[in-house]
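Asks: Here the protein sequences line up with chains W and Z, keeping their order.
Under this note's numbering, think of the first position of the first sequence as 87, with each following residue one higher.
Under this note's numbering, think of the first position of the second sequence as 6, with each following residue one higher.
Just so you know, these hints were derived from the structure itself, not from any lab.
Be a bit skeptical, because a hint or two may be false.
[To be verified] Rough simulated footprint, nothing fancy, chain Z against chain W, three-plus residues with beta-carbon under 8 Å:
| hint | segment |
| --- | --- |
| 1 | 119 to 132 |
| 2 | 138 to 148 |
| 3 | 165 to 179 |
| 4 | 226 to 233 |
| 5 | 249 to 260 |
[Said to hold, decoys possible] In the DSS-like style, the derived pairs of lysine-lysine whose C-alpha atoms are separated by at most 30 Å in a straight line are:
| hint | chain 1 | residue 1 | chain 2 | residue 2 |
| --- | --- | --- | --- | --- |
| 6 | Z | LYS11 | Z | LYS156 |
| 7 | W | LYS234 | W | LYS266 |
| 8 | W | LYS148 | Z | LYS30 |
| 9 | W | LYS221 | W | LYS234 |
| 10 | Z | LYS137 | Z | LYS30 |
| 11 | W | LYS235 | W | LYS221 |
| 12 | Z | LYS149 | Z | LYS122 |
| 13 | W | LYS199 | W | LYS249 |
| 14 | Z | LYS122 | W | LYS148 |
| 15 | Z | LYS156 | W | LYS266 |
| 16 | Z | LYS122 | W | LYS266 |
| 17 | Z | LYS137 | Z | LYS11 |
[Stated by the list, open to error] Here are the computed distance ranges between Cβ atoms for each label pair:
| hint | chain 1 | residue 1 | chain 2 | residue 2 | range |
| --- | --- | --- | --- | --- | --- |
| 18 | Z | GLY169 | W | GLY211 | 34 to 40 Å |
| 19 | W | ALA97 | Z | SER139 | 53 to 59 Å |
| 20 | W | GLN229 | Z | GLY67 | 25 to 31 Å |
| 21 | W | SER202 | Z | ARG94 | 37 to 43 Å |
Just so it is clear, CB atoms sit at the ideal spot from N, CA and C, and this is done for glycine as well.
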Amino acid sequence: MIRSEVLREIAPILRDHLVVCNIGLPSQELHMIDDQPSNFYMLGTMGLSSSIGLGVALAQDKTVISIDGDGSVLTNFGTLPTIANNVADNFILLIVDNGSYGSTGDQPTYAGKKTSLAAVAKACGCENVIECQDKDTGGVLQQAIDSKKMTVIVCKCDSGNIKLPVITMDPVVIRDRFMKSVQA
Amino acid sequence: MSINTKIVDDFVANGIEFVTTVPCKQLAGVIDEVEAREEIYHIPSNKEDEGMGLCAGAFMGGKRPAIIMQNTAIGVTVNTLVTLTQYYRMPLPMLISYRGELREPVACQVEMAVHTKALLNQLNIPTYHFHKESDADELDTILKYTFMCNKPVAILTDASFWGGYGDQ
Ligand SMILES: [Mg+2]
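Go ahead and model the full structure; you've got the sequences and the hints to work with.
Replies: What follows is the structure in structure tokens.
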């Protein structure tokens with residue numbers, strides 16, 4: 087499965103929760119598959135999906151799912167120790183690990199080579215780290231939500247992209263409707 | 006009352022409950038004060054752009070954030086300030102130690118100091134410079150202004166403000 091197929095499969099789970107979605111194709115795909123006011127689409131700032139999601143989770147009680155990529159986690163590696171040491175049991179970091187920088191033309195990342203993001207997350211002190219195959223992501227994600235334990239999921243999937251439009255929604259609109267979902 | 010207590014009192018009085026920090030020698034006392042306060046969740050970050058991501062999330066989650074960092078961080082965070090904090094219109098008070106100013110013993114710090122105000126100016130970030138301790142009287146008003154306009158706002162605090170640097 088490629089990332090858009092994984093997102094299509096887990097969209098029915100995501101729609102009931104606050105979601106912070108990574109810049110570029112992941113946000114464009116989620117926006118096309120199942121746009122929800124509870125989705126925060128990142129239009130810039132590669133690497134900060136996990137940081138933004140952790141901030142939301144620490145500030146309130148609803149479940150927050152950060153959808154991140156292997157390339158983006160590599161860009162902001164410092165996030166993993168911060169997550170490990172600031173436990174928010176309403177926070178799930180879902181790393182869609184396709185071993186490539188998808189949005190920029192599928193250049194290979196080190197996560198697709200020798201580097202294991204799951205092993206790194208564990209070494210950083212994250213206590214619940216699950217590496218799964220693409221087809222199992224829905225089940226693993228639902229279990230993580232139900233466990234009410236902060237969980238890092240590394241979903242191994244194929245690299246590959248679909249053609250789709252950029253998000254033209256105004257950033258303040260994205261932020262405003264997301265905040266209303268937080269307060270709802 | 007120490008200046009560190011006064012600064013954090015103003016934070017608390019303005020409803021700031023979520024503070025991320027990247028340390029600087031000049032900021033050690035105020036960071037200790039943030040850590041000690043019950044009203045504040047203190048979350049050290051490993052890099053300032055990460056910290057700004059945390060603050061953006063906390064704000065959307067309903068808590069007023071602040072970041073405490075060195076001026077060298079302006080070089081690290083330009084993209085984040087522009088495409089996250091400003092683009093989505095979020096408030097962010099930035100208490101910044103202004104290294105490389107008068108009484109600075111480390112020459113390399115001056116290299117970033119000479120760009121600091123120019124960069125903030127280029128980014129249209131409202132900027133205040135605390136040089137004497139009494140300048141901090143305005144902090145409460147600056148914080149109110151920040152959450153009124155939903156912008157990142159810089160508060161540069163130099164070595165003279167902190168009563169000198171090191172053993173000088
Ligand atoms: Mg990738």
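Asks: Now look at each hint and say whether the structure bears it out.
Replies: Quick rundown of the hints versus the structure:
1. Remark: the segment 119 to 132 of chain W is confirmed as covered by chain Z, as 5 of its residues place a Cβ nearer than 8 Å to a Cβ of that chain, reaching the required three.
2. Restraint check on the segment 138 to 148 of chain W versus chain Z: 9 residues with Cβ-Cβ distances below 8 Å, three needed, restraint holds.
3. For the segment 165 to 179 of chain W, the assignment as covered by chain Z holds, since 4 residues bring a beta-carbon within under 8 Å of that chain's beta-carbons and 3 suffice.
4. With 0 residues carrying a beta carbon less than 8 Å from a beta carbon of chain Z, the segment 226 to 233 of chain W misses the three-residue requirement, and the given coverage is violated.
5. As drawn, the segment 249 to 260 of chain W meets chain Z at 3 residues by the rule of a beta-carbon pair under 8 Å; at three or more, the given contact holds.
6. Taking the CA atoms of LYS11/Z and LYS156/Z, the gap is near 23 Å; set against the 30 Å cutoff, the hint holds.
7. Taken as a hint, the LYS234/W and LYS266/W pair is honoured in the structure, with Cα atoms around 23 Å apart against an allowance of 30 Å.
8. Restraint check for LYS148/W and LYS30/Z: not satisfied, since their Cα atoms lie roughly 37 Å apart, outside the 30 Å limit.
9. Distance check on the hinted pair: LYS221/W and LYS234/W sit about 22 Å apart at the alpha-carbon level, within 30 Å; holds.
10. This hinted pair checks out: LYS137/Z and LYS30/Z have alpha carbons roughly 18 Å apart, not beyond 30 Å.
11. About 22 Å separates the Cα atoms of LYS235/W and LYS221/W, which keeps this hinted pair within 30 Å; it holds.
12. Taking the CA atoms of LYS149/Z and LYS122/Z, the gap is about 22 Å. The hint holds against a cut of 30 Å.
13. Taking the CA atoms of LYS199/W and LYS249/W, the gap is near 26 Å; set against the 30 Å cutoff, the hint holds.
14. For the hint pairing LYS122/Z with LYS148/W, the CA-to-CA distance comes to about 40 Å; that exceeds 30 Å, so the pair is violated.
15. In summary, the hint linking LYS156/Z to LYS266/W is supported, as the alpha carbons are separated by about 20 Å, within the 30 Å threshold.
16. With a C-alpha separation of about 36 Å, the suggested pair LYS122/Z and LYS266/W falls outside the 30 Å cut-off, and the hint is violated.
17. For the given pair, LYS137/Z sits about 14 Å from LYS11/Z by alpha-carbon distance, which is consistent with the 30 Å threshold.
18. At about 38 Å, the CB distance of GLY169/Z to GLY211/W agrees with the hint of 34 to 40 Å.
19. Here the CB-CB span from ALA97/W to SER139/Z is close to 57 Å, well matched to the stated 53 to 59 Å.
20. Between GLN229/W and GLY67/Z, the C-beta spacing of about 28 Å keeps the proposed range 25 to 31 Å intact.
21. Between SER202/W and ARG94/Z the beta carbon distance is about 38 Å. The supplied range of 37 to 43 Å therefore holds.
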